[in-house]
Amino acid sequence: MIFIRPEFDCRGGGGADVSGLIASINYALASEAPFDTQNLCFRVLGTSVVIEGQVSHSSGDDFVRRIAEDIAGADRVLVRVGCPRSNGLSTIGESIRKENGDA
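Positions 1 to 103 (the numbering used here) are the ones given, in order, by the sequence shown.
Just so you know, these hints were derived from the structure itself, not from any lab. Using N, Cα and C, we set each Cβ at its ideal position, and we do this for glycine too. Hints are supplied without guarantee of correctness; some may be wrong.
[To be verified] DEER-style ranges, computed between Cβ atoms:
#, residue 1, residue 2, range
1, Gly46, Pro84, 17 to 23 Å
2, Asp62, Cys41, 16 to 22 Å
3, Ala74, Ser31, 18 to 24 Å
4, Tyr27, Arg80, 18 to 24 Å
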């Protein structure tokens, strides 16, 4: 796939350019992501693309950011995507359950 990055003016670009940019990011994520992207919302704020939502993959936010930055540019992407992290909290919870005899 070849993506042509639209040129934004001081008001955020033309409607067709913005729609095309969001569609490019959306379709790239849908075709490349190893997880479901239907819970993501795309919008433009000024000259930045804002991607919000939640994914089920543990590094999904990084993946979304990388794809979007490749298409729109690193300085034009804001990612607010929640995803599960394996930070040891689950093992702490298991230890507490074992101590309480709940395991």
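Each hint tested on the structure:
1. Our hint of 17 to 23 Å for Gly46 and Pro84 is violated, since their Cβ atoms are close to 31 Å apart.
2. One distance hint, 16 to 22 Å for the beta-carbon pair Asp62 and Cys41, holds here, with the actual separation near 18 Å.
3. Taking 18 to 24 Å as the suggested C-beta distance range, the pair Ala74 and Ser31 conforms, at roughly 21 Å.
4. The hinted range of 18 to 24 Å is satisfied by Tyr27 and Arg80, whose Cβ atoms lie roughly 20 Å apart.
Checked against the numbered hints above, the structure violates only hint 1.
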